[in-house]
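> Listed below, chain by chain, are the residues.
There are 4 protein chains.
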Amino acid sequence: MSHSLKPTADIQAAVHADYLHLHANPELSMQEHQTAAYIESRLAALGIEHFRCGGTGVVGVLRNGPGPVIAFRADSDGLPIKEATGAEYASTAVGQLADGTEVPLMHGCGHDTHVASALGAAAVLAQGTEGWSGTVVLVFQPGEETGAGAAAMLADGLWDKAPVPEVVLGQHVFPFAAGTIHLTPESAMALADSLEITLHGTQAHGSQPQDSIDPIVLGAHIITRLQTITSRELDPRDAAVVTCGSFHAGLKENIIPDRAVFTLNIRTLTEAVREKVLAAVTRIVTAEAAASAAPQPEITTLYRFPRLFNDPEQTGNVATALASEFGEDRVKLVAPLMGSEDFGALGDAIGVPNVFWMFGGADPSDPAPAGNHSPFFLPEYRGALDTGVRAALAGIGHYVGC
Amino acid sequence: MSHSLKPTADIQAAVHADYLHLHANPELSMQEHQTAAYIESRLAALGIEHFRCGGTGVVGVLRNGPGPVIAFRADSDGLPIKEATGAEYASTAVGQLADGTEVPLMHGCGHDTHVASALGAAAVLAQGTEGWSGTVVLVFQPGEETGAGAAAMLADGLWDKAPVPEVVLGQHVFPFAAGTIHLTPESAMALADSLEITLHGTQAHGSQPQDSIDPIVLGAHIITRLQTITSRELDPRDAAVVTCGSFHAGLKENIIPDRAVFTLNIRTLTEAVREKVLAAVTRIVTAEAAASAAPQPEITTLYRFPRLFNDPEQTGNVATALASEFGEDRVKLVAPLMGSEDFGALGDAIGVPNVFWMFGGADPSDPAPAGNHSPFFLPEYRGALDTGVRAALAGIGHYVGC
Amino acid sequence: MSHSLKPTADIQAAVHADYLHLHANPELSMQEHQTAAYIESRLAALGIEHFRCGGTGVVGVLRNGPGPVIAFRADSDGLPIKEATGAEYASTAVGQLADGTEVPLMHGCGHDTHVASALGAAAVLAQGTEGWSGTVVLVFQPGEETGAGAAAMLADGLWDKAPVPEVVLGQHVFPFAAGTIHLTPESAMALADSLEITLHGTQAHGSQPQDSIDPIVLGAHIITRLQTITSRELDPRDAAVVTCGSFHAGLKENIIPDRAVFTLNIRTLTEAVREKVLAAVTRIVTAEAAASAAPQPEITTLYRFPRLFNDPEQTGNVATALASEFGEDRVKLVAPLMGSEDFGALGDAIGVPNVFWMFGGADPSDPAPAGNHSPFFLPEYRGALDTGVRAALAGIGHYVGC
Amino acid sequence: MSHSLKPTADIQAAVHADYLHLHANPELSMQEHQTAAYIESRLAALGIEHFRCGGTGVVGVLRNGPGPVIAFRADSDGLPIKEATGAEYASTAVGQLADGTEVPLMHGCGHDTHVASALGAAAVLAQGTEGWSGTVVLVFQPGEETGAGAAAMLADGLWDKAPVPEVVLGQHVFPFAAGTIHLTPESAMALADSLEITLHGTQAHGSQPQDSIDPIVLGAHIITRLQTITSRELDPRDAAVVTCGSFHAGLKENIIPDRAVFTLNIRTLTEAVREKVLAAVTRIVTAEAAASAAPQPEITTLYRFPRLFNDPEQTGNVATALASEFGEDRVKLVAPLMGSEDFGALGDAIGVPNVFWMFGGADPSDPAPAGNHSPFFLPEYRGALDTGVRAALAGIGHYVGC
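Chains as they are written, first to last, in the numbering used here: chain A, 22 to 423; chain B, 22 to 423; chain C, 22 to 423; chain D, 22 to 423.
What the hints contain is simulated information worked out from the structure, not anything from laboratory work. Heads up, the beta-carbon is just placed ideally off N, CA and C, and yes, glycines get one too.
Footprint (simulated), chain B over chain A, 3 or more residues, beta carbon under 8 Å:
(1) 207-217
(2) 227-240
(3) 267-275
(4) 284-298
This is chain A alone, in the form it adopts within the complex (with noise of 0.2 Å):
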């Protein structure tokens, strides 16, 4: 890789100035209309051609030359976090959810590191083009958190606006030293699906349950009865979470209630064991129901995530890259997470590698840093973002460095 593909102390600068920006005006998913017009700003600034994508995404294209075209993507999307963390620049920004209720606002899971850094990357590539050949297409994806942006951009034809890459690259900031970075071969994180249930009982009054069909005993033998899914249905070796993350049931002590609201969230690694836990959920609800001589229940999908894989022999590829920019001791193989993430959306959408990493953010000197989505999560953002443009730089330049 040339050296040419290294920030300036100029660049650096703005990429702080990015940063301390994005902090304090955080948007909730699918709503960054600020941020999305942020990013327009810079990268007219920095002369790349761009366009937006999905409502709120933005999508800049840097062609310089003949050479692979690959994609790098960065998620723009805030939470509805009151920021605890004290910083000068914390966010106190409102939005308002879907029925209108204000909620506070918070980077709480560092997405304005991953713009930050990306607007970093671009100048770099912007700049020194006799560094580089080829097409790097930035995407700036909204609503991660939802998991509804991903598939938004596709959905507004991603690929057919955007030359289609060969690979797509992604990162994400986490709570471990500044300056090291995490991969994970294959399966990297969790597909997610959340399901809301809706047990459909028969009301009676609390002294007399023989006129009553209970949706709250229907619904304490399910949640014990979806235990088993996890304990005997997988193999022990398939990680799988089935977590019941609601449960709603009735007004009054002595009023046995028609109904019961239970949502489930689900965490798998593949494909197959999604579809064995998903069916094993409505054979269980379905027949638990036939149990309590109940209505068929009601199953809906609140959102799912997909699977994040990465291309094995890419993903090596990077691994490489990235060691070779941080040192090989700062490059670690590590297990999948649980968590869920949709990037693995837009190269599985065309068939292409996808390769997704995680770099750190924390001061290497604090012992315990605050996780992602805590209102105490403040990465070092000077070294965060040292790290994020560095990664990203090695990462693309891998591709069409020279």
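Chain A is fixed; fit chains B, C and D onto it per the hints.
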């Protein structure tokens, strides 16, 4: 019993008027301010000595020479139900819950017939003093629906302020044929205990159950376990119910919450069984929390209803008096009800016998009259009130008639 | 009732001798060959017409002029229990189970007192024909313990061969004070159904649950679910029990077995509740198998006991007759027992009233006599037999006495 | 590795003969008397120093000049399975269980190939001393199937009597294609713990659950609760199994028994997870007994298998040596197995690396060879033994080859 203890046409008309007024003006439990004022005005009009007790309770005392002192109770509260009977005189009243919420109100349990019948009986007694001898204490009790009213009157010194009776009588309307009476010697209605139980867990992301103590799974195991109290711990011949009327936990499908709250309603027919069930609930909840390595749950009592124990001897006597009034075939001994009443506390507090009966308020030709607490509950008021007044007088007359 | 229907001292001595003989020679259900022969010889000695019915059943018929025909039943089988009473006349008998196993035998349920009392009553009736008029059918029934005997006699044409009675009487000894009687109008003992349920799964190594359908986990969910039948599906006032008395599955800790077998014993007091419970068992077992994706389990009936319904009017009449014999305070109406008896089938088969009572057989000064089916069960035989004979005569005499 | 470390045709013939002899003469775990004698005779014929250790274990020591000391283990026990392979040389042997029961015996797990291959490798080493230098300790271990053999040899002072090696090697035949090798770095097979748990209740008649503490209902709640250990308490990525392989309680459907006994088989891949699971089992069993007001259950350990941890560095080295022998595409890194082995104890006891691999024993053209422990398990012995001998020599040769 003397013939003099019969309502005149004028009294019947007044009873109808009282009923229609009360029916249109229901009030919430322990908020029966207008109702109490109305009762006071009616007692005043009849020249009956009276005083407030327990806030919105009213006690009337008819002293009529030597003889037994007996008490007769009528409860006066309405319910937060929107009346859907379509009656001309249907309630359109609204009330305010403790939290300020406005709710529609309805005399959905027929307490309006109780008060009107008691006033009618009072009128007969007041006007027909030559037909009886003794003292009759009329207890217009508030707050039956919440189990708070009898306790409030007792706490306010009911039996210090009123003459101490040798028996306490009471009655309740039900949707069986007007002109008929049901009684149950000994345990007549259920003791009721309502509990709220808060389970404490440890919150974690849905993908990381290992960091959680899952209060929903804990709750499901508790609910299934609680079924064994009636199925395995009690004599099958001991009627008892443990109902979980509500269960609430969690906000999002992918976050394991840190708590779950559920409520129980427990019905038993004897104090011994009640104590066995309550001890079993505590034992199971405590042990299941230990099985989950969860902190000790909190168990709080929402309210309780005492036993309603009909003294067998006095109940036999009253049954005979009622049979003489309505005909043998119209007075029926029935099995205990699993519903609850706080009437029993009135006599139990001073160790005197209670006698409580149910009187029919439905048009005998109605094949399926709506039940108590239904928005469609509507006694055929002429028949109901005729039955209620006559039954009250028959019961009272058994003791003070000449 | 005439004074002539009293045992003479000679008859009392014969009753004692019969008892001691029977007690020392118990036989298994439906194998009462010696017992039947003994009964025949005793009836022959009394000159009473008799015949075999249902294998080891014996029917004696006393025809004594015009008047009612009534039946009186005494059951005759012993139990496979090793007597541990230490009585001089204790049984040392052994019997052979269907599979050839030798077992010690004992009259552990007191049927020896039933037969001896019935023979004593027969002697009184046979010798005192001037004191009564009508026909008495003495039904010495085998196989009560297994629920097979009444059915066998009915199948063998009992009421074709014997005069059809207008009422069937019966009695059973219990360890309360001799000289006292307990009766229950209407449902007196439980209907019982015993089922064996075989769950089918798929065997796999314990380390590979994904290859199994685990019948033990399935069984555990069924057992917990069955608790909800009594806790949620029945009126709390309907006494019922669903007991799982055995559960067997698996040979090795590290092999998930391919089947589990468990047995249920179901007790109810009415046919309607019985059918509700049996339907619920089938529904739950079927649905839980479906929840496990397991094949349909097999549900087989091991045996059933019919209802024992005491006709209220005739029971009242007999109670009066018994009270006249033993004193009002010695005859007590009691709650139904959850134990079972096949006596009720005898009258139900021909639609005539049954009346069954329990007579005390314990020394009144014994504070804790051993219960029926205990190896220590031992009536104080003089008192027990005196009570049994007098009660039989009082009951019979009510119908045929003059 | 020197070409001299190859079996000659004579040695191959001897390996075949050894195999056929061993196959026809399987013995039960820790009863391998004939097998041990046979091994001794073969080592003696080869002039190899040897001694008994751990009862039916045999240790051979080849000392051949300076150089590394390494150990190679072959396990020797058969299984109580009736061979159904139809092979001419199939076993018809019988053995005697501890309780005297006669059982058919079979080398159903292929340990005959292990011993024959080890003897073949020993022959090559003994005859080709010029081709290697160092000391090779051949450990013919009994009792692998019961987890007792490695422990017995260690308890008998294995590493006091034999030269202490710097690495311990071992191999196992599996029904994949002969000529191929599978290895797993780090955790290769599961730690296993087998427990027997006795629940104590209180016996009562099935109609009187109130007098019982029902151990079957308690057991059902424990079994359902145990499912939550893997579903809720472990990291979803930590493979673990908790299997209940047997559950036995009760003799009669109408008697609630006084106890239930069940067994658990627990599989984990690390000591940390193992301890977490065992602690959870104890916690749940204890708390559920408390929920039933039952006495403390008894938890006894039936046996345990230790970890099989392949030293990553040495496993890499051995994999390279095996790839050089069989070809890179014939040596495959595979996921851990949830089955168990006591091999790991041999190196762990003295803190030296273990390396264990699996060799293919099936005819490559067989689409569905029967699995280990099946009555139809039958390696294609020529290919299996060729693979076993060559793999043993490749592994050993890596350390002592020149």
